[in-house]
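Trainee: Produce the entire structure from the sequences given, and follow the hints as far as they go.
In order, the protein sequences belong to chains A and B.
Residue numbers for the first sequence, in this note's numbering: 1 to 336.
Residue numbers for the second sequence, in this note's numbering: 1 to 336.
No lab work stands behind these hints, which were simulated from the structure alone.
Everything numeric in this text was worked out from a predicted model, so none of it was measured.
Do not take every clue at face value.
Identical chains blur together in the list; that is why a pair holds if it fits in one copy or across any two.
[What the hints assert, rightly or not] Computed cross-link-like contacts, DSSO-like style, restricted to lysine-lysine with a CA-CA straight-line distance of at most 30 Å:
{"no.": "1", "residue 1": "K193", "residue 2": "K227"}
{"no.": "2", "residue 1": "K143", "residue 2": "K109"}
{"no.": "3", "residue 1": "K87", "residue 2": "K143"}
{"no.": "4", "residue 1": "K238", "residue 2": "K227"}
{"no.": "5", "residue 1": "K177", "residue 2": "K25"}
{"no.": "6", "residue 1": "K87", "residue 2": "K227"}
Given next are the chains, with one letter for each unit.
There are 2 protein chains.
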Amino acid sequence: MERRLSVLRAIVDEFVRSGEPVGSKAIASRHVLGVSPATIRNDMAALEEEGYITAPHTSAGRIPTDKGYRLFVDQLSNVKPLSIAEKSAIETFLNQAVDLDDVMLRTTKLLAQLTSQVAVVQYPSLQLTAVRHVELVSLPNRKVMVVLISDTGRVEQRVTEIATDIGEVTLDEFRHKLNSLISGVRYVDVPWKLGEFPQTLPSDQRANAASIVACLLETLVERPEEKIVVSGTSNIAKRGQEQIRTLAPLLEALEENVVLLKLLGEVSSDDLLVKIGHENSLAQLVDATVVSSNYGGGSHAIARLGVVGSTHMNYEANMAAVSAVASYVGRIVTEG
Amino acid sequence: MERRLSVLRAIVDEFVRSGEPVGSKAIASRHVLGVSPATIRNDMAALEEEGYITAPHTSAGRIPTDKGYRLFVDQLSNVKPLSIAEKSAIETFLNQAVDLDDVMLRTTKLLAQLTSQVAVVQYPSLQLTAVRHVELVSLPNRKVMVVLISDTGRVEQRVTEIATDIGEVTLDEFRHKLNSLISGVRYVDVPWKLGEFPQTLPSDQRANAASIVACLLETLVERPEEKIVVSGTSNIAKRGQEQIRTLAPLLEALEENVVLLKLLGEVSSDDLLVKIGHENSLAQLVDATVVSSNYGGGSHAIARLGVVGSTHMNYEANMAAVSAVASYVGRIVTEG
DNA sequence: ATTTGGCACTCTCAAACCCCGAGTGCCAAA
DNA sequence: TTTGGCACTCGGGGTTTGAGAGTGCCAAAT
Chain A
1 MERRLSVLRA
11 IVDEFVRSGE
21 PVGSKAIASR
31 HVLGVSPATI
41 RNDMAALEEE
51 GYITAPHTSA
61 GRIPTDKGYR
71 LFVDQLSNVK
81 PLSIAEKSAI
91 ETFLNQAVDL
101 DDVMLRTTKL
111 LAQLTSQVAV
121 VQYPSLQLTA
131 VRHVELVSLP
141 NRKVMVVLIS
151 DTGRVEQRVT
161 EIATDIGEVT
171 LDEFRHKLNS
181 LISGVRYVDV
191 PWKLGEFPQT
201 LPSDQRANAA
211 SIVACLLETL
221 VERPEEKIVV
231 SGTSNIAKRG
241 QEQIRTLAPL
251 LEALEENVVL
261 LKLLGEVSSD
271 DLLVKIGHEN
281 SLAQLVDATV
291 VSSNYGGGSH
301 AIARLGVVGS
311 THMNYEANMA
321 AVSAVASYVG
331 RIVTEG
Chain B
1 MERRLSVLRA
11 IVDEFVRSGE
21 PVGSKAIASR
31 HVLGVSPATI
41 RNDMAALEEE
51 GYITAPHTSA
61 GRIPTDKGYR
71 LFVDQLSNVK
81 PLSIAEKSAI
91 ETFLNQAVDL
101 DDVMLRTTKL
111 LAQLTSQVAV
121 VQYPSLQLTA
131 VRHVELVSLP
141 NRKVMVVLIS
151 DTGRVEQRVT
161 EIATDIGEVT
171 LDEFRHKLNS
181 LISGVRYVDV
191 PWKLGEFPQT
201 LPSDQRANAA
211 SIVACLLETL
221 VERPEEKIVV
231 SGTSNIAKRG
241 QEQIRTLAPL
251 LEALEENVVL
261 LKLLGEVSSD
271 DLLVKIGHEN
281 SLAQLVDATV
291 VSSNYGGGSH
301 AIARLGVVGS
311 THMNYEANMA
321 AVSAVASYVG
331 RIVTEG
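Mentor: Dropping the structure here:
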């Protein structure tokens, strides 16, 4: 039945706007469906029967269930693009960033502002990027700092101790050799590219080289927890008192990086992913919706970003915002 | 009058524990003062007269005013140290950090956990640290990445464009010259150390050198907003419903770096600073107390950290925690 | 002069209660 | 299949009431 869908749409619309259960009369007056409230009541009874909406209590209006939102979102197949003004605002704001940290920061702020939700942005994955440059800095006390600069502008550094003193010249040599070996190489390929390196050196330098290589590999590998930036947490506190029960656990969850990664991390064939209420695998998020998207790297996305908010969010606007921001950030990050 | 102070202390104690106004009877039974409730009532009347405590309404107990907390804290002159177990827990947790970012992150988490408040940690100030190393990386399209590594392990990078192509060799030369000029030099002294640098080069390289130097100086100077890490925001949502009115603006404030800096930034001759309620210059914080401390660098502190929470926090414990964490982090950061 | 027990008084909070109105479900007519 | 009518339900807001906690003050005791 076509009209039933319209009724569902109307309910979601109203409920997202007002936050209150919506009755048959309200729909009839606000939305032009050409039928009387009684007819709408019949449709609503049917929708409830099928599990798309539910009534908090006998004499209240209806609110959409997760299933209802799902149907609504699925109908909303084509994401309507943002206005030109919005687009250019996004672009100029992001272009002002001076480095990767700044890009990530600005992206979250932007998303949070655009959607009035909590924004979560994952740094470009180490696994899928390549080495741009390796830098070795000699420190006092036989220590060496290893700095790794990635394709995407990410910089990581570690300090390692070496067995014997090493001169500036030797270090320069190391640097050149290392860079010619792995500069431009994907992170995943670095280990075997580097496996033989110490053996190619004079025996008195092998120990030192091994330490440095070990430190380098550590930097590459031992970061299973990807970096994540969050912002807009105050947005969930702003909307009235109803949500405060779910607020504390949510805030708590947002401070656990592991949780966030799981939240965004689930792979999706589609670019834009909407997870509604119970569809989220995390218990803390049964009342929340996550709108997320891959960004960067075209078909092989290098990271994800998204927003999390109440299930009665403005899906249309938020999906558009996430999608648009993802595409801009993706461009900026891959361009370097 | 000595006993009045004891009564005030008892009121603060009770109120911090229970969160509810405390009456004369409760004090008489829980705290051994050797006097009857009636006597305590007299003292309370006097304390109220002097503005140290107040009654929410006629038939409720009393709660401390900001002024009362202030007196209480001032009496609490000597911060009692943490237990050995706590100390070693702090130490081992912080020692696991692999780099500066990690240290900062761990510090906030730790503080938030120890105090059950919101923890705020400022990165070691750029202004007061020195250059450890400058790194130049050649990129495609006549671009050069300038990487600046500080004393404290902080790494900043920028990309700049140069006028003419530059060879690896020349870049190496630049790097060496730059490093010999400013390695070990304080950030504030870098500009004039570098002022003459381009002139010392052959004329065909001056333009390039100037670009790089300009970029370097920009990296040094154009970061008036210091980096800040916050964590434990969920802690303010946890404590019941009374605070939710002040919660949203507070969360909002915590997302504004500028606000945070102001919050911590006010210089203090003393190491440990407690700002109670209206003593805070920020309107959003009239119901909040900030406990902050310098850390690192001994007499010339390089940054600050602290916690912010409700005015009825456990001052003793929180002051101890902030103080202890500050001293450990300070040690770690200055050791590099 | 200070402390103490007694006592009348005040005020909040929670429970009980009531009632209005929104919204429904169903039915019979169109 | 749609529509208007109508009886019914139930939640939320406002008011009322009673209990209890706590106070201030006074007169007696130390």
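Trainee: Each of the hints needs a verdict: does it hold here or not?
Mentor: Going down the list of hints, with the structure as the test:
1. Proximity of K193 and K227 under a CA criterion of 30 Å is satisfied intra-copy only: 26 Å inside one chain copy versus 36 Å between copies.
2. In this assembly of identical chains, K143 and K109 lie within 30 Å of each other by CA distance solely across copies; the values are 28 Å between and 38 Å within a copy.
3. Proximity of K87 to K143 under the C-alpha cut-off of 30 Å is restricted to the inter-copy arrangement: shortest distance 28 Å between copies versus 48 Å within a copy.
4. For the homomeric pair K238 and K227, the shortest alpha-carbon distances inside one copy (27 Å) and between copies (26 Å) are both at most 30 Å.
5. For a Cα distance limit of 30 Å, the shortest separation of K177 from K25 qualifies neither inside one copy, at 76 Å, nor across copies, at 79 Å.
6. Proximity of K87 to K227 under the C-alpha cut-off of 30 Å is found in both arrangements, the shortest distances being 27 Å within a copy and 28 Å between copies.
Of the numbered hints given earlier, the model fails hint 5 alone.
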